[in-house]
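Q: So the protein sequences, as listed, match chains W, X and G. Under the UniProt record's numbering, read the first sequence as residues 1 to 219, first letter to last. Under the UniProt record's numbering, read the second sequence as residues 1 to 292, first letter to last. Under the UniProt record's numbering, read the third sequence as residues 1 to 274, first letter to last.
In case anyone wonders, no lab produced these hints; they're calculated from the structure. Please read all numbers here as calculations on a predicted model, not as lab measurements. All C-beta atoms, glycine included, are put in the ideal place defined by N, C-alpha and C. Incorrect hints may have been included.
[As the list claims (entries may be wrong)] Rough simulated footprint, nothing fancy, chain G against chain W, three-plus residues with beta-carbon under 8 Å:
#1 67-77
#2 117-124
#3 185-197
[To be verified] In silico DSBU-like links for lysine-lysine, alpha-carbon gap of 35 Å or less:
#4 X:K12 x X:K117
#5 X:K117 x G:K251
#6 W:K137 x W:K124
#7 W:K155 x W:K68
#8 X:K69 x X:K165
#9 W:K124 x G:K251
#10 W:K129 x W:K204
#11 W:K98 x G:K90
#12 G:K136 x W:K72
#13 W:K98 x W:K137
#14 G:K118 x X:K117
#15 W:K108 x W:K129
#16 W:K37 x G:K6
#17 G:K6 x X:K69
#18 G:K90 x W:K68
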Amino acid sequence: MQQARRAGDHTNMVFHFLLHGHIMHTTSWFLFFPGEKLCSAEDCVLGTGVYLRHGYIHSSLAGYVVRKSEGKELPMISVVRGTELQLLPDVGAIVTCKVTSINPRFAKVHILKVGSTSLKDHFKGTIRKEDVRATEKDKVEIYKSFRPGDIVLAKVMSLGNVESSYLLTTAENELGVVVAHSESGAVMVPISWSEMQCPLTYAKELRKVARVQAKHLEA
Amino acid sequence: MMAAVEVSEAEKVYILHGIRDDLRVDGRGCEDYRHMEIETDVVSNTDGSAKVTLGHTVVLVGIKTEIGKPRPMVPNEGYLEFFVDCSANATPEFEGRGGEELGTELSNTLYRVFNNKHSIDLKRLCISPGEHCWVLYVDVLLLQCDGNLYDAMSIAIKAALFNTKIPKVFISSDDEGGKDIELSDDPYDCMRLNVENVPCIVTLCKVGHRHIVDATLQEKACSVASLIMSVTHKGTVTCTRKVGGGSLDPESIFEMTEAGKRVGKALHAPLMKLLEQEESLGKKQQKVGFFG
Amino acid sequence: MPTDTKRVRGPDVSQSPSLFVCQPADGVSPQGPRADGRRRDQVDVRPVFVRCGLVSQAKGSAYIEAGNTKLMCCVYGPRETERKDETDMKCGRLTTDMRFAPFSCPERGSWIQGSQEKDFSTMLQESLQPAVCLHKYPRSQIEVNMMVLENSGSVLAHAITCASLALADAGIEMYDLVLGCSLRQNGASYVADPTSAEENDRGPDQSRNQGSLTVAFLPSLNQISGLQSDGEMSEDTLTAGVRTCIEGCYKLYPLVQQVLSRCVSRAACAPPPR
């Protein structure tokens with residue numbers, strides 16, 4: 001099953017490159033180990049899984065080398081492993097999280113996914129009251145925006161400091177609650193940017209609803 | 001891990017460039033120690049004690065002797081027990097269990113430093129093989145912490161061991177073959193330890209392309225890795241250990257061991273001279289005491 | 001002596017029968033061949049068996065066997081740090097936990113981590129940390145758990161190699177692999193990768209050159225990330241010993257690469273041939 005899905009991903013990738021003929025993509029068969037020299041820093045741009053030392057690019061992972069070149073620019077060199085990428089929430093990343101608790105000042109969440117990659121271990125995040133939406137920040141009330149158990153799309157604002165966890169924001173139209181359950185337990189349907197409705201009881205509940213973009217949807 | 005100081009990038013560059021030219025912030029050369037003060041016999045309840053002040057680092061060592069059972073593997077030897085306490089006096093970070101990690105690390109290193117046949121003649125600590133031996137409890141207390149704990153600690157231990165007076169005991173056996181331990185009545189009748197072979201630790205910090213001895217906290221913050229070496233008066237190395245988060249290339253390790261041996265060897269003669277001088281003064285010596 | 005109240009303890013005072021075995025009067029002769037047929041004064045390390053990715057629950061894992069020394073290592077993370085301080089915000093934290101199984105040594109050990117195990121953990125941590133790109137893992141910690149199943153000498157050296165393989169298997173970004181090698185100096189001669197009998201062999205009493213040395217080495221960057229020795233050695237012996245250990249590490253490198261490549265090509269979906 002797993003294997004089949006991977007193979008599927010791969011055909012998609014190939015298809016993608018066929019469509020955009022000008023993108024060249026070469027993967028070498030050779031394995032590289034952490035510390036091995038790949039090439040001079042003048043020949044390539046650093047991608048992922050590599051590091052720069054004394055003017056040379058070295059591998060920092062055990063994996064295959066991927067060279068990606070677009071147009072006349074220098075190719076980008078990366079080392080990839082076939083298995084899922086090692087991702088951590090970074091500033092600017094779109095993350096999927098689950099609300100664990102709310103109070104009048106902020107909502108606490110667990111970060112479940114970064115982009116489309118699931119995290120193996122959950123990281124804690126905080127959405128403060130002033131980061132819920134972009135306008136009328138002073139009128140925001142947390143309990144009218146999130147409830148525990150909601151699945152929220154958010155963006156990482158900062159890695160926070162010693163005391164706090166990751167600071168997240170939903171102050172964009174595309175960000176906010178994507179899945180919420182009503183009091184009767186049914187998955188609610190968004191009816192406006194600030195309201196969701198239960199399909200069973202037709203009761204309306206307030207949320208900071210995200211306008212889900214097609215590109216964020218996964219089949 | 002240790003009382004960290006904040007060093008800005010500009011300060012770092014200043015310290016680095018200085019060390020490159022063999023000029024340190026406090027005017028020392030790369031292989032010079034700070035001003036050091038040693039005083040022995042400072043705590044009356046111990047069998048041997050010493051206080052060492054190195055710059056602003058203050059270490060107090062107290063040695064207590066007790067009679068114990070020899071280890072089964074070595075029935076004809078006594079043994080030493082080390083314990084390092086990083087008190088919250090030195091820095092608030094050591095409060096509660098904060099200093100525990102560093103304390104274990106320091107005491108584990110001390111066990112390694114003394115893990116050889118010649119540092120201390122353990123056979124002399126044996127009272128009756130397999131039954132009784134002397135156990136020396138070496139307790140180290142960090143009172144102030146301004147870098148280079150290892151060196152200050154090892155010098156204080158050597159001084160305290162020199163100062164240690166172990167009471168003379170006799171074994172008498174009664175008619176039924178049972179053995180009794182008798183303590184000598186004369187308090188001045190005691191055994192002294194030969195500390196000639198006790199090593200001293202030299203910590204070499206790699207800063208930039210050079211290495212320095214006796215780094216202050218600021219200098220330590222600029223260093224990626226250091227090498228700890230314990231060296232005897234003959235230049236024998238009894239323990240080495242790389243500490244810190246960085247790595248060192250083999251050539252600089254060789255340079256550092258060479259320098260460490262040189263510096264460590266030179267440390268012993270003046271130290272012994274000073275200790276003997278202080279000993280000969282006896283009670284006439286004016287005690288400086290703490291923070292005097 | 002800390003005790004664990006949750007486990008059935010043995011009698012208060014008990015001793016291993018091995019203590020009552022008569023010790024051979026002169027120990028192993030320093031000139032003759034080694035008990036396992038390897039040569040003295042040569043970088044003659046034991047053949048090593050290594051495998052990666054054995055523990056499915058862990059992010060990465062490795063198992064190493066050299067002679068009778070058997071070690072297992074699991075890597076978890078990066079996950080959120082429990083204990084936080086200012087430095088964790090910029091770069092991650094590498095935690096190591098090395099434990100000896102109670103039956104791993106000739107004498108039974110305790111389940112509670114003793115100070116020797118803590119010492120080993122610190123040395124393992126110091127040897128690995130220079131190789132891990134911790135700045136890529138802010139706010140998080142990477143956990144290395146090492147279990148010594150059987151101790152037959154050179155435990156720290158093999159633990160270092162094993163842990164670096166487990167880290168590589170976990171896909172943690174590293175500047176280089178870390179390899180470890182040990183050596184036991186006995187008078188004028190030395191043995192590389194000593195067994196526990198050789199490690200404890202104190203030899204003739206008068207010898208001033210007697211000690212153990214363990215080096216952790218980054219082969220591609222030519223850097224020493226860990227160095228620790230005890231006993232008594234002259235500075236020249238120490239320097240020569242470090243060189244020997246580096247040579248011993250290079251002997252291990254091809255095998256470690258081979259194991260890692262097998263592990264990566266199995267885990268990854270290999271790219272199609274062009």
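Q: Name the hints, by number, that the structure is in violation of.
A: 1, 3, 4, 9, 16
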